[in-house]
Amino acid sequence: MRPTVLPSPEQPRATGSSDEPLVPCPGSALQDRTDALGGAAHRPQAASGSRPDTSDRLADSDSELTGADTLCAVLCGVVPPCPAAEIFSPATWFDPALTPAQQQAVRQAVAVEDLFLLVGAPGTGKSRVVAEIAAQAASQGQRVLVTAPKAAPLDACLERLQNYPAISAVRLLAPHEETNPSAGPARNWCLERQTACLRQRCREQAAQQLAAWQQRGQTLQEEARLVLELRQLAIRRHELDEQRERLRNGADNNPPAQTENPLRADPRSLAAECERLLAEEEKRHLATLNDLDQRIQQALEACRQKEQEHVAWLARVREQELVVQTRKVWKPFSLRFWACWLQGRAPQRLEEFRQRAEEAEAAVREACGELDALRQQRLAAEQRHQVACQQILADEAARRQAELDAQLARLDEVAEQVNRLWNECRGRFCQPQRVPPFPSREAVEAVETARQKALEEQAAFQRFWSGWQSELARDASDWLACFAVVAAPAEVVLNSERLLPGEGDYDLVVIEQADRLSDGELLALARRGRRCVLVGLPPWPTDPDPAQSASAFHRAWHRLHPMLKHRDCHWLETDSEIVCQLAALTELDRRRLEAEPLADHPEVELRILPGPTGRPILAEVAFPHASFSIAQSKGFLYRQLGELPLRPESEAWSWSQSDSLVVLELSEDLEDSRSHVDSVRLELEPGIVEVVVRCPVENEPVPAAQWRTQRLEFSRLAGWDVSSVQRWLSERLALVPPGSARGVSPAFLDMRRTNWLARNLRAERPLAEFVHACWAVPSVRVSRAESRHEPPPLRLEAVGGACSPRTSSKTPKGRRASDPPATLPIDLSDPRQRQRLPLELQLKLPMRGQVNPAEAEHIVALLSRQIGQSNGMNCTPASCAVLSWAEPQLLLMEHLWRKSAPADGAHVVFATLSAFRDRQADVVLVSLVASPAVVATPLAEHPADWWTMLGSARREVILVGDPAALARRAEAEATADAFENPLHRLERELCRRLLRELGVPLGKTSGVAVAEDYRP
Amino acid sequence: MSAGSPASPQIAGLVRHLQPPPDAALWVGTLRIHRLQATVPVADERPALPELGVLRAVRVLGSATTVELSELIGIPLASLVRRLGEQGMLTADPTGRWRLTPQGQRQLDEPQTSWPRWQRRKFHFLHHPDGRPRYIALTVSGPGPLAEPQGRGSEPKPSDLDAPALAEALDHCIQQSGDWKRLHRFPLEVRRMVPDAPEPWAGAAPRGCRPAAVRNEQYSLAVVLHKDGLYAFLASPLTWTLAVRDPILSLTSRDAVAETFGELLADPDPESWHAAWRGWCQARGIPLPEASGIHIQRRGLTLVVSGHPLRPERLRALTMDEENWLLAGTGPLRCAARLEFGRPSPHP
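Chains R and S are the protein sequences, given in the same order.
Note that the numbering used here has the first sequence beginning at 1, numbered continuously upward.
Note that the numbering used here has the second sequence beginning at 1, numbered continuously upward.
One chain only, chain R, in its complex shape (with noise of 0.2 Å):
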């Protein structure tokens, strides 16, 4: 519990040079003037970092803080800091035709973690974005809870999600929807029905399951006995791989090549002629072997005898020798001379003894060569004899070899014999293909293993979907958690509890028509989830003061989503001058303009309106055309004042990021600005540039273009980033601080937590632009060049016909002099007025209330037409909306539509305006029983109405009344306090633009037209 200040980021400060002071010069004279006219300048805070950041301080909590929290924070005026999440990117859209701003909305609302404010006129595609967010959430298994006040954006949400299969979605009916007829359309979707039809899927499911598991279980039982013929296939396929192995070994394992006489190992393996001839080829072998032998010794027997006579021959020729060396030695007077002598003739003796020895050594050498050639002789008898051994066993294996691929050919057929027996069945199994395909006994094992499991999985699944069965038929629950989004009007949500959980047991709650909840059913429903999205219309453009608001989800989301100070701001360029209009005037308030040069530059000229209470209000700057581009106007005020006063395009602002820039962007078409050639670039300082284009204005007293702002660009090189650019915004774009003294609270854009879808997309385009055009673009008329030739999308039908009133000799203000005369509405409580009607009305219509007959005969009229125009040109009838504020007045025209034969086929609702919001027809005829002599009261019960007047046509809205009422209430002064009742306000604006826009002059003259009696 220790909530952490954390230190405020630096604020990145673009370092402007030294004549363009970020601050407003304190000394310069349009600033002193903006003070002495009470700060219309708003001044940033020099200190904001030494005061602590209130929202910085939550993000330390240890405690979940859900959306309800978060809003009820939001409204205390304390802006948790928005979590940091995921960009959500959806893998598919479920609705493949939402436009880039509604898929924007859907990212956003889906990945905000707490809490996330929708805003959007009505036919901008609210309802659209709805049922997308919800089935977004809810394929991510979320559970989602869509409420609202009434029922018919339910409704709308659960037409859409019908079309997702994936997406379970039920209606919970209020007390009074389940007894009503009219709530046909949401009681096909309450939890009844809907119960009943998810029980409905899931006994046909599971009789569908379980039928095929006892089928299953049939297959299982007789694939038992395929087992049975796999296993003796198996055996039988053994058998014969044993035999085969066996031959193959028997072949293989004497390889002829590795032994001396290998068919000897195994003799048995040898023929009788392989033997025979092996015989034959030994004896042969030996005999000649015993021949070769004895000569051999008979030659060695030689050999010898030849050796011991060259021996002996040359023991004579050395004792020769010795005596022939004796004489030459010894003289010849000794004994041993004449020894030698005597033994006479010595040198011819030796000569004749080496001759000898000489001879016999030649016949030694002659034998030994003849002994060796007979050793030839045996090898090579021998190696033939080996030859002619292996050529009598290659034969016989040649032989064997043969006899062995026979008998494996035999053997290959008869396996392939059982392989086909095997397959075949195999075949007959209920999955062939979880059966090996070559039979082995370790595959029967395994086939065997399988079915035992799948055996034992079909009996567990056959209990399962037999007890499942058993169960859904008894079951009478409600099958409330199976939904993924419940859908239920807010006062089923606030006062069920066994239908809904309590708090936070939603992951998202979806809160549509937020703005007509009080604080208290907002806080509770949203309390209900752990993220809350709200929805609802835009806060009224003539709301005064937004964090006054009646609705809360109006003041949180001018909390969130502040309003620029300067709402009415436009800068206007005519040929002599560009004028910064800062506030909106009306004729009387231009003609009251003083005006003023300032000080230190007297060509620009400071506009003042003096103020009802005294307090004068800095209305407008103009600068001189010839001195002052749009560039330098832009600039001079935006150093003088120190603010950005600006008209953005769209009131759909984005955030949208590069490496190099963050963009906020002020226009809805992003394509069509980036492509704008009329834009220009502004740099307002360094890293901060403006882009604004020119746009024409029709119809104002002098020819003028408007300069709107298109994006404020923000440079990272230059340190900004998201949150300082924020800080930024704040300061400068002179956002209101809703509801504080200024200086206390700062304003914060959080733009990840809010989204305003603001194109019209329900309406056809001139219809569309003309509703954009009165909402969203007060004071200044846009150019609508595509619907100049069209038929007028709105009409305003001043009502004549059956009573003719009295009217004075002046035609009444707002009414043209060829207009039919108007009638009064005749008030119902009022006996002398109520016996205008026939007795038949007067029994008919209630004891209070107003009616006008004229307007009534009036409208119906205008439907048969338009029910015969469509008729007429063979097309399907135009759906058409009559509506109107008085309850008696509806049932007025409900009564004369009947008993006027309405057409076939036509599709006609009468209903009151508030009855009438998010629903949508093609034509919208509104009477406005309005009387011009009387403006106290407001002809709306709630602002919302005037959105639901002009947002729910598609093509056509058609107001039928007295313009002149409609003139009074535009021209009706404002009172001066604070106590105006917001409603008067904003119709007597609303009657101004709209007068404006139908081309209805105002004036001064007054009358006043009374009714007489109406005879239909």
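It should be emphasised that the hints constitute simulated quantities derived from the structure, not laboratory data.
Quick reminder that beta carbons are idealized off the backbone N, C-alpha and C, glycines included.
Possibly wrong hints are sitting among the right ones.
Said to hold, decoys possible - Coverage of chain S stretches by chain R, computed from C-beta distances (three or more under 8 Å per stretch; other residues unrestricted):
#1 49-59
#2 62-74
#3 80-90
#4 325-336
Place chain S on chain R using the hints.
Same frame as chain R, now just chain S:
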């Protein structure tokens, strides 16, 4: 940041928007409120069939994705499966396949076991000087610490309570009779507070089973006393404008009001009003001798001051811009009254 008392125009602004408008008394101030967020079992219902079906299907399948379960049962089950996960019956592995937890297994094996339904609830207790916090059924949770005085937000206060103390207070409320609970709007379905870790759920972390959390908050309140009860309105701590138009606390029983806000039933003593009057005069430069010697009488929301020496035109000037509201008392809530001037003193 005005976390103390509102100024006179702010009180006037508050009174304009109070609905129902105060008739007996209006007390304004900043109250210290302890918020306990705890997990409670809110119902002991038998499980609905779809939940059981899903659990059985998961048991039969062993493990399954949400899509497989939806296809098996034949209806979209994404939200239901997620809910079962949050209740601790199923747990998902990183691949997104759901398996039974021991809790879920037990739920299937023992049909008589009650079906737990956990909820994370907030209980608010009013700080009381005697140390025993009083339960109040607030309908909203305010911005909490934001209303702390500047610079002291991160400092714990002696009045801060921790979770065990508040759990004891909650347990005390649970043990009260049904009548007491109805009087104080204590939820009847809450029968006990779950300890921090109720079950050793393997791998499952149900959303509700987080530790009890306490926030000691300050609420800027306008408390309206009526004959039929008490209504408290939440004001913005920054501006003292009405933050929520509907009352965030309604006590329609005199006994409940006396037990919880007993000090508000007694009017501040006359000396407090005299002191407030003197302070008002001092702020407007009225000399003390002129401010004393008056007679003060409180009638509902008005404080009639008679015997004062001020002339009507000066009174009009002084009370312009709604500067005519006084606050009396010394507690966190102070009684507000609008000045009304009776007969002036015959001797000015």
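Let me make sure I understand: some of the numbered hints might not hold for this structure. Which ones are they, in numerical order? Hint 4 contradicted; others consistent.
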